[in-house]
Amino acid sequence: MAGRVEFDSVFPPTNFRIKVDANAGDHVQYVLHEIIHVVLSPMFSGHVDETLEEMMVTALDGYMYAYVKKSARRFALWSDEITKKLDEDRVVLPVSQIVER
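Per my numbering, the sequence shown starts with residue -8, numbered consecutively.
Treat the hints as calculated values from the structure; they're not laboratory data. Zero decoy hints are in this set.
Result set (DSS-like, lysine-lysine): computed pairs, CA atoms no more than 30 Å apart in a straight line:
hint	residue 1	residue 2
1	Lys60	Lys75
2	Lys76	Lys10
3	Lys61	Lys75
4	Lys10	Lys61
5	Lys10	Lys75
6	Lys60	Lys76
7	Lys61	Lys76
8	Lys10	Lys60
Computed from a predicted model, the values in this text were never measured in an experiment.
Sequences are here, hints too, so could you generate the full structure?
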């Protein structure tokens, strides 16, 4: 799993947190995918199963990702903002502690 979203309420979605595996690939695509889950959650909740929801979100994220990638400037803005958010939660360990693992 490359990304996951959690939120408190569905109508409307509140306090949502997106988590991505930064080593899994392009984090912009994963964040877009999870944002679509949040935006469309009121439409999906209680109406479609998880498989159909995932298929619909995947189709939309492909379109949105192509739109973002179409402009180098747009893609850079998305990437920079996501990187800033990822860096906020990054814990920097001293080399000695990493070696001990």
